[in-house]
Amino acid sequence: MRNWLKGLMVTGALLAGCGGTEAGTDEPAAQPAPEHGQVQGMLYPAYDEALHCVVRTSSVRCGSGMNMYAYWDASVGYYIERNICSGRGGPIICPY
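Residue 45 in full-length UniProt numbering is what sits at position 45 of the sequence shown, and the numbering runs on without skipping anything.
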């Protein structure tokens, strides 16, 4: 067989395996939109003094060269986990 014929057969087999253009009858139920001011979920953890510390900038560079990004809260500013660089070559960002 020629290569183009083999390619055509493989393409036909793949298209046949995918099925046709059948319209699905199971439509997902429409979920109501949240009301104004209603929170669906948290994007980041709330500031906890035992777990986080306040930093001056939006990111901290660890000893390995990785930038670790801080969270933002209007009441405290930028904050980051206390042990964020512990496994990445230090430094200690905020000792206890």
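Do not take every clue at face value.
Restraint ranges, calculated between C-beta atoms of paired labels, are given here [unchecked claim]: (1) G12 <-> R61: 43 to 49 Å; (2) G87 <-> L8: 14 to 20 Å; (3) N3 <-> W72: 18 to 24 Å; (4) Y69 <-> A13: 25 to 31 Å; (5) Y69 <-> Q31: 28 to 34 Å; (6) A30 <-> G90: 47 to 53 Å; (7) A46 <-> R88: 20 to 26 Å; (8) Y69 <-> T11: 52 to 58 Å; (9) L15 <-> S75: 24 to 30 Å.
Everything labelled a hint here was simulated from the structure, so no lab data went into it. Heads up, the beta-carbon is just placed ideally off N, CA and C, and yes, glycines get one too.
Taking the hints in turn, this is what the structure says about them:
1. G12 <-> R61: 43 to 49 Å: violated, 55 Å
2. G87 <-> L8: 14 to 20 Å: violated, 53 Å
3. N3 <-> W72: 18 to 24 Å: violated, 58 Å
4. Y69 <-> A13: 25 to 31 Å: violated, 47 Å
5. Y69 <-> Q31: 28 to 34 Å: holds, 31 Å
6. A30 <-> G90: 47 to 53 Å: Given about 51 Å between the Cβ atoms, the range holds.
7. A46 <-> R88: 20 to 26 Å: Distance hint for A46, R88 holds at roughly 24 Å.
8. Y69 <-> T11: 52 to 58 Å: Since the Cβ atoms of Y69 and T11 sit about 45 Å apart, the hinted range of 52 to 58 Å is violated.
9. L15 <-> S75: 24 to 30 Å: violated, 58 Å
Hints 1, 2, 3, 4, 8, 9 from the earlier list are contradicted by this structure; the remaining hints agree with it.
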